[in-house]
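Student: Let the hints inform the model, and build the full structure from the sequences given.
Number of protein chains: 2
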Amino acid sequence: MASTGPLNPESDTFENRPVFYIGQHDSSRREPLTDDQYGQFLDSGFRFVTAPITNEHFFQRVVGLYKTHLAEQEQWAQQRGLTAGQQANPSLPPPVVPTLTDKDTPLSPSYYISSLVGYASPWIDLCSPDPHISSISRQVLNLEAAYANFCGVRTIVVPGPRRDECGRGVAQYARAIQEALVANRVNIIVHMPMYREPGLEEKAQTLSAIFDIEKEAEAEAEAEKEIDLFGAWDSWHTIRSVCSYSTRLFVALRIPRRAPEKELQERWFAEPLHFLTLGASIFQQNRAGNPTLSRHHQDMINRYMRLKNTPWLVLCDVGPRPEELVALSKKMASEYPSLAEATQARRDTRRQPPNAFVGYLRYLERQQQPFSAMETPVLTNFQDWLQPPLQPLADNLESATYEVFEGDPVKYDQYEKAVFEAMTEWKELKKPTSSATPENPSNPELVVTVAGAGRGPLVARVLRAAERTGTPIQIWALEKNQDAYVYLLRRNKQEWGNRVTLVKTDMRGWEGPRLQGREGVIGKVDILVTELLGSFGDNELSPECVDGIQSHIARPHGISIPHSYTAHLSPISTPRLYADISSRVVGDPNAFVTPWVVRLFAIDYVAQKAPGHPKFQQTWEFVHPVEVARADDFAAEHGKAARYATPGVGSMGGSSGTNEHNARHCHLTFVCRARGVIHGLAGFFESVLYASQTGDGATAPVEISILPEQIDKKSKDMISWFPIFFPLKKPLYFPQDTELEVSMWRQTDDTKVWYEWLVEVYTWVGPKTRIKVGASDLHSSRKVGCLM
Amino acid sequence: MASTGPLNPESDTFENRPVFYIGQHDSSRREPLTDDQYGQFLDSGFRFVTAPITNEHFFQRVVGLYKTHLAEQEQWAQQRGLTAGQQANPSLPPPVVPTLTDKDTPLSPSYYISSLVGYASPWIDLCSPDPHISSISRQVLNLEAAYANFCGVRTIVVPGPRRDECGRGVAQYARAIQEALVANRVNIIVHMPMYREPGLEEKAQTLSAIFDIEKEAEAEAEAEKEIDLFGAWDSWHTIRSVCSYSTRLFVALRIPRRAPEKELQERWFAEPLHFLTLGASIFQQNRAGNPTLSRHHQDMINRYMRLKNTPWLVLCDVGPRPEELVALSKKMASEYPSLAEATQARRDTRRQPPNAFVGYLRYLERQQQPFSAMETPVLTNFQDWLQPPLQPLADNLESATYEVFEGDPVKYDQYEKAVFEAMTEWKELKKPTSSATPENPSNPELVVTVAGAGRGPLVARVLRAAERTGTPIQIWALEKNQDAYVYLLRRNKQEWGNRVTLVKTDMRGWEGPRLQGREGVIGKVDILVTELLGSFGDNELSPECVDGIQSHIARPHGISIPHSYTAHLSPISTPRLYADISSRVVGDPNAFVTPWVVRLFAIDYVAQKAPGHPKFQQTWEFVHPVEVARADDFAAEHGKAARYATPGVGSMGGSSGTNEHNARHCHLTFVCRARGVIHGLAGFFESVLYASQTGDGATAPVEISILPEQIDKKSKDMISWFPIFFPLKKPLYFPQDTELEVSMWRQTDDTKVWYEWLVEVYTWVGPKTRIKVGASDLHSSRKVGCLM
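Going line by line, the protein sequences match chains U and X. Residue 1 is where the first sequence starts when you use full-length UniProt numbering, and the numbers rise one by one after that. Residue 1 is where the second sequence starts when you use full-length UniProt numbering, and the numbers rise one by one after that.
Accuracy of the hints is not assured; some may be wrong.
[Claimed, not checked] With a cut-off of at most 20 Å between alpha-carbon atoms, the simulated PhoX-like pairs for lysine-lysine come out as follows:
#1 U:K504 <-> U:K480
#2 U:K729 <-> X:K729
#3 U:K730 <-> X:K730
#4 U:K417 <-> U:K783
#5 U:K783 <-> U:K730
#6 X:K427 <-> X:K524
#7 U:K768 <-> X:K768
#8 U:K504 <-> U:K493
#9 X:K493 <-> X:K504
#10 X:K729 <-> U:K730
#11 X:K729 <-> X:K783
#12 X:K430 <-> X:K524
#13 X:K615 <-> X:K713
#14 X:K730 <-> U:K729
[As the list claims (entries may be wrong)] Sample of chain U residues at the chain X side, in silico, Cβ under 7 Å:
#15 P93
#16 V96
#17 A171
#18 V242
#19 A591
#20 G657
#21 H661
#22 Y733
#23 S743
#24 V773
#25 G774
#26 L778
[Unchecked claim] Among chain X residues calculated to face chain U with C-beta under 7 Å, some are:
#27 P93
#28 V96
#29 V242
#30 H661
#31 L758
#32 G774
Don't read these hints as lab results, they were simulated from the structure. All residues carry an ideal CB built from backbone N, CA and C; glycine is no exception.
Tutor: What follows is the structure, encoded as structure tokens:
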């Protein structure tokens, strides 16, 4: 979709709310507009129109072709004493549609051709039960797509499958679209209803209808059928699956007369919506006789308009009719207005769109909520944009990267609050500091260490919390990045009055704090502060790093900020990310086993909130420090040495098992009511930075969270972390009343940490019967694992 | 599996029936056998025994480790006033199993180690509901697999998952096996029951059982459950899927007390069976008190013994007990027999196996049906062996290839019969020959053409049929292969008395028969004989070739032999071929879209015969010659020229549509009662070579068929064609009561022919409700299509 002026933040017409791009489709139009007519359309407030690719002449030829074929069949049957239709002649080849002549198409290359949207012949029926009609339809589509492509049309709309019925015709329809996509370079937009409204579906005058292929019994069966809310979506899913999620395949979504439940709206929200099409019948009349939309319709459109690629609106069979345009055109031609007059006339109409429907949509446009702080162009650009995960332990970050991370006041406010409460409570509970000794019991300085200090944001917050609580502290800051270390040295001198003891070291190799004023004595740390969390909590190896330094934490009173963190999952449908990852596989064979960091937006959370099965579920938890009993043994005995020696513990796939206590496993069950498809798992984290130890329950823990359901409550507007996405190699389809069983592992050897994930699909087919219907591969990110 | 002497046709001990390779497993064995004991086992008729990898000492250490862990948990809970088990300590790391010491394992490298089969500790429970027990079990498996691997053991047996329950533990079990496979080079054989016999399953003394992890309620629920015939297979399917169909993963299948229905037997027939294990309890006693098996058990074993890789038989807890062996060994040691005496003693026992169960199995072995003519070593080697499809039009065949094809008397007998009947009927019906003209009405010679004569087998048969029917003929033989042409020239001179007019030409470029004795007159062909059929009928382009020559067939009487042919499909489960194709993908990216020619054997036809839905279903038909009305137009107007010019017909994906009349499409529904998985579609053909034209119905048509249900009736022992296999990129799982909807297309442009296929899964979940549960990709063989 081309970025139009008002959508382009670089443009001076940039508006701070979504922009409506409105077009028109006239199903009775048999000729494309003349240049003049097109100009008038633009003046009526429309930005584009659809154009038929072939005309009535071609239609009649195709009908004639099929009639000849029928006659031949009949003749053959008569010769054999059969009644017509009783048996087809096996040796009679099916009709072959001749190529187009100049009489068959009104379309030619023209100056506005690339802004035209071609509309394939509405009378084709690609999934007709009659094999010859479906074959003819497929040939017509190929002819039209090829000719439109030749003329320079960039996009054609194809009427969607006429039926949703199981398996039969949709596969055939899908294959025809796939063939047209492969043979041409045009984009194809399939015109789909949001759902089929029983009794409200117009019977299209297709070849099948003309030749009465639909048997009456079938038509009745159709009318009796219950409403199948997800039937149209399901057909679309088959089509795009057969087309391998082509990035040239889009949906034109027909807005229904009755807005459906949110679940279905959200399903389509995740699909590549190019057009929303609106017929006159979905509008109501207000008291002034002008068209309006119901609140439900407005909400639905407003929601879709927040998409990064805003869908275009197409008014169907609304606006000037061809005959009106012809009259208008003749009038203009007869009057020979001067160029100035014509321009003025156009300006007039532009000021006051003559079309009431367009006028109403423009009104809706003005009512759109302005973009919020979370919808800045920069943040919007991150929507559904895959970022490879960081390797913070193996790689040194650049200053600019630190700066981005530091730019999140919410996160650091929470950290300061956590340190503040920890210091306050330390005083209240009269906990001894580790700098106090029998010989020097009056030394009340709290020993604080910021491990992984980066450019010092946490150091600054710790100093401020100490000041606000009036707590005397000795503070250490550890940093392994030699370049950030220079920055810290300078800041210590300039800002912190050299109050901070800076140590250039990997925290896992630190000797511990040499207490001030006590030559040669290595003490313990009262408060350890780290910011090592990733989008999935533990995915940037916070557990391993804090383990590596926890032997320096004072016992029993010393604490770690964060105190604990949990990882969370929810299965999602995200065709866009699936297509994106598929396109990367050639260059990056691990693309489907990489946990991507991505600001998930045009996605559908398929799971429902159900008793015992929330929409977002916790996979596991890490708590710091780990129990002394054995964790310190790990750190002491097997810590760094374990990489080189094989001590007498454990054996995990050839490793020594040193880090096995940080392995995790979970098995979660998600409940899905409607049928759908998932492309992977969305991952999040929450962390308790500090939980009050008084146990009175009066003080809420200080938390941060990126869980969609919690972030506004716990850390609103925090932007430091986007979610993580664990893809599936193959989309996993599931029927209604499904339970998705997710198995996930956090695995580790002596050198790295990775995840493995597997999804199985079980469906309830009765009150007591649950059947397995499918499963994903076992996915492993070992090859792109996080290095320890 | 190593090929043993009697299985090797090169060996002089080669026996003309399946050979039984019998071993023993003793579940109470805690130490491997000494060399002497092992020798005695061999003398009792066994060929191998299993050996434990670790001993009681290790078991007690692991139990102790877990007890310590429980005590720590309890202590933590008491400190917090919780009852034990109420809440786990989140910061207490799980137990890590120490590596083995010399006290933990009796196993050492020894001279017979590679013939030993290691048996993993039976007390591990990889899918225990207790995460710590499953973690310990996984660690134990890793330690044991690694140590066995070190010692030189090539294969270890691992007890299968203890439960089949949906989703929960099996995924975890599967992942543990996968980890052991990746970390070691040993083969892993999972010991699975054929199905779980309710009430007959022995409760294994696993860690879970010892620590009472299985709650009583669960156990009761288990006992109440209905028999789930395919539950164990389903668990196996999960395991091998998670292990990516590793070729180092096998099944040891426990033969149940009650032989199950054929459907389940056939399911396992297609799996990589390494062992069949037989407990004493499946045997009955005959009147003499000796063990025997029921007829059902015998049939089942006989069937499995026809596999190319014959499974080994393992008698479980049958045969000498360790204490007996110890006594025996001591006796031998105390007696110090001379080498000659010992050898003699062994010979004696060998002659008369001391074990009654082994004796009975040896009896069964002698009862095996000798290998049939279709089970020669050569034909057996072709079982499940993938052959890339021929390109007979583009490539010239070698003489040896022709010779193989000619070596099938059944096929040529049928051809001769067809020609014989055609000639007989020609005479009976007094049809005029095309060599007769008004000027020369008395010329009664039938004009026969063999197109694609190769080395001449059909020419010989035509000559013989003419002789047998006393029909005067003029015969042409066309061949495009210049080298085969030389062979024909020689044969014509030496065998056929130069009666045959040989033309070196592609049949599609032939000018037609220049009638004998009528200078310059090009006539028509009365009988056209071709052998262009492939495994799927039309897959070697018979339709296109015959089209290219059919303008020379005399009308209305001229005929084509074959008259017509049909293609047929059935979905199959074939893990072996799936694994094979998967392993080829790196070198051949089209491996999964190639229709392979393969002698299908270790496969499972998953479809049932159901009303209106046979097990094998016809996809489409071709009839020759095509109706004159338009097919000749194709041939004449657009034949060969169509490749270079675009005539005014059709448009199929950029081609001119010349061959569009040979495109086909079908949609088939297959019914599956039990759940399962498919890996692709098996394809077959049938052909009517000649159908009587008298219409009296008295004469059966002359047919050939490779359809499993028809071949014995129509062309028994015909070996010219193996089936064709259309693979699926991903195995497609389906629940019980499923309908597999198969869409298939025969596609064509101006240069080649290819197939496309798609399978969708729909399941009945009530008398009226059918839900979609999955679908394959759309597969296309275009890239490996057959060149025209």
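Student: If a hint holds in the structure, say so; if it does not, say that too.
Tutor: Hints, one by one, checked against the model:
Among the hinted pairs, K504 of chain U with K480 of chain U is consistent with the structure: their alpha-carbon atoms are about 5 Å apart, no more than 20 Å. A C-alpha spacing of about 12 Å is found between K729 of chain U and K729 of chain X, which places the hinted pair at or below 20 Å, so the restraint holds. A distance of roughly 9 Å separates the Cα atoms of K730 of chain U and K730 of chain X; the hinted pair therefore holds under the 20 Å criterion. Between the alpha carbons of K417 of chain U and K783 of chain U the distance comes to roughly 39 Å, so the proposed pair goes past 20 Å and is violated.
Restraint check for K783 of chain U and K730 of chain U: the C-alpha separation of about 19 Å stays at or below 20 Å, so the hint holds. For the proposed pair K427 of chain X and K524 of chain X, the alpha carbon gap of about 18 Å is at most 20 Å, so the pair holds. With a C-alpha separation of about 18 Å, the suggested pairing of K768 of chain U with K768 of chain X holds against the 20 Å cut-off. Simply put, K504 of chain U and K493 of chain U have alpha-carbon atoms about 16 Å apart, close enough for the 20 Å limit, and the pair holds.
Our distance criterion of 20 Å between C-alpha atoms is met by K493 of chain X and K504 of chain X, whose separation comes to about 16 Å. Using a Cα cut-off of 20 Å, the hinted pair K729 of chain X and K730 of chain U holds, with the two alpha carbons roughly 11 Å apart. The suggested pairing of K729 of chain X with K783 of chain X holds, with an alpha-carbon distance near 15 Å, which does not exceed 20 Å. Annotation: proposed proximity of K430 of chain X to K524 of chain X holds, straight-line Cα distance about 17 Å (limit 20 Å).
Only pairs whose Cα atoms come within 20 Å are accepted, and K615 of chain X paired with K713 of chain X is accepted, the gap being roughly 17 Å. Restraint check: the Cα-Cα separation between K730 of chain X and K729 of chain U comes to about 11 Å, which is no more than 20 Å; the hinted pair holds. The criterion of a C-beta within 7 Å of any C-beta in chain X is met by P93 of chain U, whose closest approach is roughly 3 Å, and the hint holds. Restraint check, V96 of chain U versus chain X: the minimum CB separation of about 4 Å is within 7 Å; hint holds.
Satisfaction of the interface hint for A171 of chain U is found here, the shortest Cβ-Cβ separation to chain X being roughly 4 Å, below the 7 Å cut-off. Because the closest C-beta pair between V242 of chain U and chain X is about 4 Å apart, less than 7 Å, the hint holds. Taking 7 Å as the C-beta contact cut-off toward chain X, the hint placing A591 of chain U at the interface is violated, the least distance being around 17 Å. With a cut of 7 Å, the hint placing G657 of chain U at the interface with chain X holds, because the nearest CB-to-CB distance is about 5 Å.
Taking 7 Å as the C-beta contact cut-off toward chain X, the hint placing H661 of chain U at the interface holds, the least distance being around 3 Å. Satisfaction of the interface hint for Y733 of chain U is found here, the shortest Cβ-Cβ separation to chain X being roughly 5 Å, below the 7 Å cut-off. About 4 Å separates the beta-carbon of S743 of chain U from the nearest beta-carbon of chain X, less than 7 Å, and the hint is met. About 4 Å separates the beta-carbon of V773 of chain U from the nearest beta-carbon of chain X, less than 7 Å, and the hint is met.
Evaluation of the G774 of chain U hint against chain X yields a held restraint, the C-beta minimum of about 5 Å falling below 7 Å. Hint status for L778 of chain U relative to chain X: holds, with the closest Cβ pair at about 4 Å, below 7 Å. Interface restraint check for P93 of chain X: the shortest CB-CB distance to chain U comes to about 3 Å, inside 7 Å, so the restraint holds. This hint holds: V96 of chain X has a C-beta 4 Å from the nearest C-beta of chain U, less than the 7 Å allowed.
With its C-beta approaching chain U no nearer than about 4 Å, V242 of chain X sits inside the 7 Å limit, and its interface hint holds. This hint holds: H661 of chain X has a C-beta 3 Å from the nearest C-beta of chain U, less than the 7 Å allowed. Residue-level restraint check for L758 of chain X holds (minimum Cβ-Cβ distance to chain U is 5 Å; threshold 7 Å). Interface restraint check for G774 of chain X: the shortest CB-CB distance to chain U comes to about 5 Å, inside 7 Å, so the restraint holds.
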